[in-house]
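Asker: Could you fit the two chains together into a complex? Lean on the hints.
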Amino acid sequence: MALDEKDLEKVARLAHLNLTPSKKATLLTQLNGILDQVATINYLDLDAVSPMTSVVEQGQFLREDCPTVSLTTADLEQNAPVFEDGAFRVPKITASTDTAP
Amino acid sequence: MTYPKTALEQAAALHSKAITSYELTQHVLATIKETDPQINAYISVDEEQALAQARKVDARIEKGDIRSPLAGVPIGLKDNLCLKGSKTTCASRMLASFTAPYTATAVQRVLDADLIPIGKCNMDEFAMGSSTENSAFFTTKNPRQLGCVPGGSSGGSAATVAAGQVAISLGSDTGGSIRQPAAFCGVVGVKPTYGRVSRYGLVAFASSLDQIGPFATTVRDAAAVLDIISGHDPHDATSLQTPVPDLRLTQDTQPLNGLKVAMPVELLSDAIQPGVKTRVLEAIAVLEAEGAQVDRVSMASFNAALASYYIIAPAEASANLARFDGVRYTYRNEAATHLKEMITQSRTDAFGEEVQRRILMGTFVLSSGYYDAYYTQALKARRLMAQEFDHVFESYDVVVSPTAPSTAFAFNSATDPLTMYANDCATIPANMAGLPALSVPCGEWEGLPVGLQLVGRALDEATLLQVADAYQRATAQVQ
Chain A
9 MALDEKDLEK VARLAHLNLT PSKKATLLTQ LNGILDQVAT INYLDLDAVS PMTSVVEQGQ
69 FLREDCPTVS LTTADLEQNA PVFEDGAFRV PKITASTDTA P
Chain B
9 MTYPKTALEQ AAALHSKAIT SYELTQHVLA TIKETDPQIN AYISVDEEQA LAQARKVDAR
69 IEKGDIRSPL AGVPIGLKDN LCLKGSKTTC ASRMLASFTA PYTATAVQRV LDADLIPIGK
129 CNMDEFAMGS STENSAFFTT KNPRQLGCVP GGSSGGSAAT VAAGQVAISL GSDTGGSIRQ
189 PAAFCGVVGV KPTYGRVSRY GLVAFASSLD QIGPFATTVR DAAAVLDIIS GHDPHDATSL
249 QTPVPDLRLT QDTQPLNGLK VAMPVELLSD AIQPGVKTRV LEAIAVLEAE GAQVDRVSMA
309 SFNAALASYY IIAPAEASAN LARFDGVRYT YRNEAATHLK EMITQSRTDA FGEEVQRRIL
369 MGTFVLSSGY YDAYYTQALK ARRLMAQEFD HVFESYDVVV SPTAPSTAFA FNSATDPLTM
429 YANDCATIPA NMAGLPALSV PCGEWEGLPV GLQLVGRALD EATLLQVADA YQRATAQVQ
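Chains as they are written, first to last, in our numbering: chain A, 9 to 109; chain B, 9 to 487.
Since the hints were made in silico from the structure, they are not lab data. Incorrect hints may appear among the rest.
As the list claims (entries may be wrong) - Here are the simulated DSSO-like cross-link-like pairs (lysine-lysine), alpha carbons at most 27 Å apart as the crow flies:
no., chain 1, residue 1, chain 2, residue 2
1, A, K14, B, K25
2, B, K41, B, K92
3, B, K348, A, K32
4, A, K31, A, K18
5, B, K71, B, K13
6, A, K32, A, K14
7, B, K92, B, K64
8, A, K18, B, K285
9, B, K92, A, K100
10, B, K348, A, K31
11, A, K18, A, K32
12, B, K13, B, K25
To be verified - Cβ pair distances, simulated, as ranges:
no., chain 1, residue 1, chain 2, residue 2, range
13, B, P263, A, T61, 34 to 42 Å
14, A, T61, B, S52, 52 to 60 Å
15, B, G283, A, T81, 56 to 64 Å
16, B, A245, A, T34, 53 to 61 Å
17, B, G155, A, T81, 48 to 56 Å
18, A, V64, B, A418, 33 to 41 Å
19, A, S62, B, Q301, 57 to 65 Å
All C-beta atoms, glycine included, are put in the ideal place defined by N, C-alpha and C.
Bound conformation, chain B alone (with noise of 0.2 Å):
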């Protein structure tokens, strides 16, 4: 049996009564089992869960009680969600053992709206990295090429949904974990606003920087998870409570008349491949065709982003993962004699290379003496960042630029961190200011994908998916 390829027509299959959630559930477990020795995109599948759910569902929906758009559609996780009752590692040593005794909210969302969670997608350990190579399992494959990186650090989400095992996965983005591996293997990726998806439950990285979204093949797919997991929550203080639009792309696309569009200059600079420029700029050309206007502009801040995002996210990694100590619910090392000793060693054994780096860069810029130098800089930097953002949403819809810098890259080809480090140099600067971003496919560059990413107003993740729908229809991507 051929099943549906997107979420929604799985959706309209599934509530038409066409096919069940348990045939689709099962289809898409064989396709995991077939695919995923050669991906590796799943640290682990429940998959007596997922069925139990998923009959669960099918219940409701021979009743006639359909809880959401898309009731009984299967979705991957990032292994950094928490769970209840499910192992959530974070890709890292020191929670290999870790079963979550609660579940996040944005999951807790998903399963109310009768979503079937599959498994817990492989991630770069703690969300640091760009790659996915940081996961201290094993590394997952990019489906569009298995020689290739799916990015980072959402990777084995943006692989299971570019692999076709499942239409919509989850991710995190701290500087550009969803957006970048959605350029990467070829998929939708989106960023919210800041606070508009709860962070409870969310294994936090850098605070005022996580967020939740979606991975999928179709703008239309991802607005709906969007508009699923979306809204405030008493349990994450950043939380915004500002209501929630619909935030579903039911009506017929829009066009795009009117739309004013600023694309960055500092953004299609000698460090963006040349391939991926080429690819970019087409693709705003078609927007030209639709209807928008473009107009290249000045982002002088974005030349600081890099610097001053890797001051602020490794600050705030260092007090977060301070929890991460070998006392109550981790790795912990068992020949120590002492306390600080078992503190120590249990961090040393078990955290990567990366994190390990990120927790001693982030400590040597909050500490006294380097405080104001480091940190307090990259503080004003950022809000540099946010107002040079409001300047140009004064008169234009939407930030437009290329997701990464180059196509997917082969593995162990960055082969000191700054390398790695420079494929956030696009993505930075909407975490910095807070505002909803996300990547859709815009063609491939020898073989591979190129990510067109728009950045938005915040709050206004309407206009971006509107935007980014059009441009698929445009482009034949979904009919």
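This is chain A alone, in the form it adopts within the complex (with noise of 0.2 Å):
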């Protein structure tokens, strides 16, 4: 099994998500499986071969460094949960139960 519930635990605190014991119990077994189904990827000889990152082989497109208007702070408060003072307000940093260094 590639993925125990150790990793998985770990997994989604990197991913920030939430997982009840049943949707781990669910998520392993199905992520294992797809797992053993993406190893077989090592069936190919690939020790020579070099990693493909992109298809497209260009050289990177330069634009002009000209000043132009973007997103206005009216076009980014439309969408914002909780928008006060030109800022995207959230809850506090720390949890409560956090103590003071």
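Answerer: Structure representation (structure tokens):
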């Protein structure tokens, strides 16, 4: 089994997702099934092959460094859950149970 | 009144002033009102905007200002394409209230060409799926058989054309999400060469694989749309700087003498439904009768296509979807008392099952200790696939295969993720190699459409379109 419960919990933390115990159990089965399937990639002889990060092989396109109007504050505000004084308001960074250093 | 069916026929009627765009748009809106309660192709329809645009276009046509060969023709848009001022939900609770603050380049080109966007089509959430069952809102039905899925992820875009609501629509294709629903719904779907069409304003799923492309009932219509949306865009660093030739099929259909066609045996295996195989082999016989030379070839790297795609695509998705955090423009969990809890719970609440599964998969294969074993290996397999295509295209012009291993399946029939993923086995290789590919209808099996896939050389959409057009004429799909 490529992925155990500890791995899944770590991955969920990295991905900022909460998993209930029943969801964890289902996901372990599903993800390990997928990982078993994708492990077939190792049947290929890839030692002498370099990774292909992009199919586009062209030089970097550069454009003129001219200031243009992008999104306005009104554009940003229309979709914001909470927007105050020109900023996105979010809950406090630390949890109420955190102790000060 | 009877309106023309294809986009080019509609355009001809509009430009000769036999009909107005306003009348045609009203007709399309009425058709959607009548039929969409059954089909559910649309997440949103903007009647007011569509009619306003139609009026403007009519005024221009009246003065002889015809801005494109499809000026005045209504078009559907997949709901991962930003259109300023309209909801762009990606069929997700995460973006259920999101109003696009800007317009995607491909959509802007559609507007500049004076087409009429009608509404936003249903899809699998964040383009992850092959049946449109992963939409957070509702499922779309296959107009050819209502108990079956339309395919995905661009199921709504395929269904709206197949149902005769609109003649053309736009979808996106990352691993087959235009071609497979086109096959399932019996319409034409085209994925261009990677970089041919700007991705600016397409909500990203897998940035090295995503492309926007058209649906239509005829190859000629699809070619006309592709011609409008293609071309370099300074806003998209992956947009090709190569000039785009005229992609429209304005000449008479070309014969296929001298065309060399390769048929990978790996895509005629027992994994392919017998009825699909039968129809595809019949289609290939038509190509031969029209002058093509068809050879069976082996493309062994295809056996690793699913494996490498389901490492690379989730990996890229996990990075692209990290931006959806409840902070700036998405659903937010209001009960959370601190930031990290808010981010985590917002994502947990608002992402569907398949999206969460792929994010977790992608995060795992990119994580320390596993990156080389999975992600690097997948990138190597990707190069192998691209090299194998290069090798085949030294001797052949087109690669043909079934578009999908089966016809459209019933709702809720794919009970585990791997069964669903297997739908993409034939379409994925073209995305991995960045090549243009299309699906054209090639008959039916037990009442359901079958699609023939053609894959071409990079930048050679023209050959694909010509071959598919010849096939449609030879099989009397068009006059």
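Asker: If a hint holds in the structure, say so; if it does not, say that too.
Answerer: Structure-based check of all given hints:
Taking the CA atoms of A/K14 and B/K25, the gap is about 68 Å. The hint is violated against a cut of 27 Å. Among the hinted pairs, B/K41 with B/K92 is consistent with the structure: their alpha-carbon atoms are about 24 Å apart, no more than 27 Å. Using a Cα cut-off of 27 Å, the hinted pair B/K348 and A/K32 holds, with the two alpha carbons roughly 20 Å apart. A C-alpha spacing of about 15 Å is found between A/K31 and A/K18, which places the hinted pair at or below 27 Å, so the restraint holds.
A threshold of 27 Å between alpha carbons decides the hint, and for B/K71 with B/K13 the separation of about 25 Å falls inside it, so the pair holds. Proposed proximity of A/K32 and A/K14 is supported: the alpha carbons are some 10 Å apart, at most 27 Å. A hinted pair counts as satisfied when its Cα atoms are at most 27 Å apart, and B/K92 with B/K64 qualifies at roughly 18 Å. In summary, the hint linking A/K18 to B/K285 is not supported, as the alpha carbons are separated by about 44 Å, beyond the 27 Å threshold.
For a cut-off of 27 Å, the pair hint linking B/K92 to A/K100 is broken: about 32 Å separates their Cα positions. Taking the CA atoms of B/K348 and A/K31, the gap is about 21 Å. The hint holds against a cut of 27 Å. A threshold of 27 Å between alpha carbons decides the hint, and for A/K18 with A/K32 the separation of about 12 Å falls inside it, so the pair holds. Between B/K13 and B/K25, the direct Cα distance comes to roughly 16 Å. Compliance with the 27 Å bound is thereby established for this hinted pair.
Taken as a hint, the range 34 to 42 Å holds for the pair B/P263 and A/T61, whose Cβ atoms sit roughly 41 Å apart. At roughly 36 Å, the beta-carbon separation of A/T61 and B/S52 lies outside the given 52 to 60 Å, and the hint is violated. Against the hinted window of 56 to 64 Å, the Cβ-Cβ separation of B/G283 and A/T81 comes to about 58 Å, which satisfies the hint. A C-beta distance of roughly 39 Å is found between B/A245 and A/T34, which places it outside the suggested range of 53 to 61 Å.
Distance hint check: the CB atoms of B/G155 and A/T81 are about 49 Å apart, consistent with the given range 48 to 56 Å. Hint check: A/V64 to B/A418, Cβ distance near 39 Å, so the stated range 33 to 41 Å holds. A beta carbon spacing of about 34 Å between A/S62 and B/Q301 contradicts the range 57 to 65 Å that was offered as a hint.
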